[in-house]
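Chains A and B, in that order, give the protein sequences. Counting from 89, one number per residue, gives the positions in the first sequence under our numbering. Counting from 484, one number per residue, gives the positions in the second sequence under our numbering.
Calculated from the structure, these hints are not laboratory results. Since the model is a prediction, treat every value here as computed from it, not as a measurement.
Heads up, simulated DSBU-like pairs for lysine-lysine below, C-alpha to C-alpha not over 30 Å straight-line: (1) A/Lys236 with B/Lys697; (2) A/Lys236 with B/Lys700; (3) B/Lys700 with B/Lys561; (4) B/Lys561 with A/Lys90; (5) B/Lys561 with B/Lys697.
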Amino acid sequence: MKPIRIGPFSTRVDVASIVVSVIAWVVTLVIAAISLTLGDYEIPLAKVLNTLAGNGSLIMTDVVVNNRLPRVLVGMGVGAAFAISGAIFQRLARNPLVSPDLIGINAGAALAAVLMITVFGTAAGWIPAGALIGSLLTATCIYLLAYKKGIAGYRLVLVGIGITAIVGSITAYLLTLADIYTAKSASMWLAGSLAGRSWPHAILIGITLLVLVPAAVAGSRQLRLLELGDDLARTLAGRVELSRGLLIAVGVGLAGLATAAAGPIGFVALVAPQLARRLVAERVAGLLAAGAIGALLVVASDLLAREIFAPTALPVGVVTAFLGAPYLLILMARANRVGRGG
Amino acid sequence: MPVLRTENLRLGYDAIPVVSDLSVEIPSGRITVIVGANACGKSTLLRGLARLLGPQSGAVYLDDADIARLSGSTLATKLGMLPQQPVAPDGITVSDLVGRGRHPHQRWFRQWSAEDEYVVTAALEATGISDLADRSLDQLSGGQRQRVWIALALAQDAETMLLDEPTTFLDLAHQLEILDLVHDLNRDRGKTVVLVLHDLNLAARYADHLIALKAGKIVAQGNPTEVVTAAMVQAVFGLASHVIPDPLTGTPLVLPRPRRPRRSEGSAVPTDRT
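Isolated chain A (complex conformation) (with noise of 0.2 Å):
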C-alpha cells in the first residue's frame, strides 16, 4: 500500500494490485489481437491493425470492425463485469461461494432473458431489459430469503442453490414449450456465448462498465468496512444497510447486463476475483484487478473454445465452466475441511 498525496487530497494505492491488472490487461490486449487474425479465414497482424487505424479495405472493415471486434470487445467486457460482479459479492459475504454464478444470480438472469427470446425472438432489445429485471427480481428474492438478523455467508449459498435449481426449472420447462430454432438458439445462448455478438452488445456492456464501475469503485471503502461483518461497520460507520444495499445493487446490474450481452458465462465471477487475490500473494485484490482477470479468462477463454475444435466453435461458457468447475470442487473441499467456504 503506496500513499499518494496532493494538497487536501490523499488516498493509498495497492502496487502489487496494480501490477496485476496491468498486466492483466496487456495479456488480454494481446490475446484479443491473436482473436482478430483468426476466424473463418486468417487476416495478419498488420493488416488487422492498418484496419483498426482505419485504413483497410472495405471488405476488411466488415469482417474487422464489424464483425470480430465487437465480439472481442463484449468478451472483455462481461468478463470484467462478472468478475467485479463476484468480488463484490463475495468480499460481502466473506465467502467466495457466494458470486452471482452460484447463488442464482447469473440464472435469473437467464430465465428471464430465455423468456424475452421465446416471446419476442433473439432480435429484439427486451433481453437486456428482461435480464436486468430477472436478476433484481433474483436477488431481491434471495436477500429475503436468506436476511435473519443480517446476511450470513452459509445462509446466501444454500438460499442461492435452492432459488438456482427453481429458476433452472423453469427455464427448462420454457425451453420445453418453445419451437425447435427458438429453443437452439436460447440453449446456445444459456451455455453462454459470444458468437454473434454484435456492436449493440458490445455498447450495452460499455455502458453498464462506464456506469457501475464507477459506482462499484466509489462504494469500495464502505466495502472495505462492511466486509469486517455488520457490528464493526456499524462501530466505524454508523449505518450499513444503505451502502450494502447499493454495493448488491452494483453487483446484482453487472451480472444481469453482462449475462444480458452473452448468456450466463459461468465460473467467472466466481474464480476471477479468487485467482486476482492469489496473484496479490493472498492479499484482499481490488474490484479492478479482479475485473482484469475477469477480462483476460473470458477473452482466453473464447479463444480456446473456438480454436480447441476448430471449425466448430464451443460455447464460450463451456470452456469457462472446464477450467472453473474443478476450482470449485477444490473450493468446496477446503470448506469441508475448515467448515467455511475457503
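Please build the complex by placing chain B on the supplied structure of chain A, with the hints as guidance.
Using the frame of chain A, we list chain B on its own:
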C-alpha cells in the same frame, strides 16, 4: 463527570427485554468491567452502549447527547467497540486491517492522510505489533490477533473503547497480556474503557469500577474491593465462595467453595458464610 451513561435503558431482541430499566454511569477515564453469569445481558448492554442495538425504551447518553441522535461518523470518532468475535477477510494484512479503523476520520477525497499514517503506526506500536504489520492475520496466534483488533480500535482514536470479552479463547498468560495492554491504554492515554469479562478475579484485579449484572439488572457496582463479596458472588452467580484479598495485589480474590472437602486432608477453608 461521567461521559457515558444510560437512563432507564431497556434492551432486547424480541418482546422480552434482556436489559430492563437500567440506569448506569460509566466513570470517565477509568476501566469499567461488566461481569455476570452467562446470558445475564452483559454483552447486550455493551451493544446498547455502542448503538449496535437500539433501545426499546430509555436512552444512552454520550457527553449528554442522546447517541440515537448522533450521526454515524460523530459517534464513531468518540466511541469504539470491539465485538466478541470480529471477522476479517482471508489474507488481509495487519496494517491494512488496522488502517480500516481510520474510516470515521476519512472522506472520499481524504483516504489516507499523514495523520492516518501516524495514528496507525502509533496504534501498532502501542499494542506491540509493529513487526507484524506486513503479516497476514491468518498466520498470527490468538493473542497476537487480539492485539491487532485492539490496535484497530485504537486507530479509530475514540476516547471511549468498549471491548466485548477480549480475552475469550486465550490462555491465561495471553489473557493477562491483553488486560495489561488495556490497563496501559487507560493509564497512558486516558482512554475510558468498558470491558465485559468472564473471569471475576481478573475483573477484580483490573477494574476501577465493577458492574455486576443479573437478569439484565444491576446487582452491585462500585470499586471491586467493596463490591466483590461472597454475598455478591452468591447473588450474581449462585455460587458459594470465600473472598480473600489477593496476596499479590490486594484486590478481592474469589475462591469458590468446594462441594465437599477432598478426602485426604481436611478442609482448610473457613466455614463462615459472609
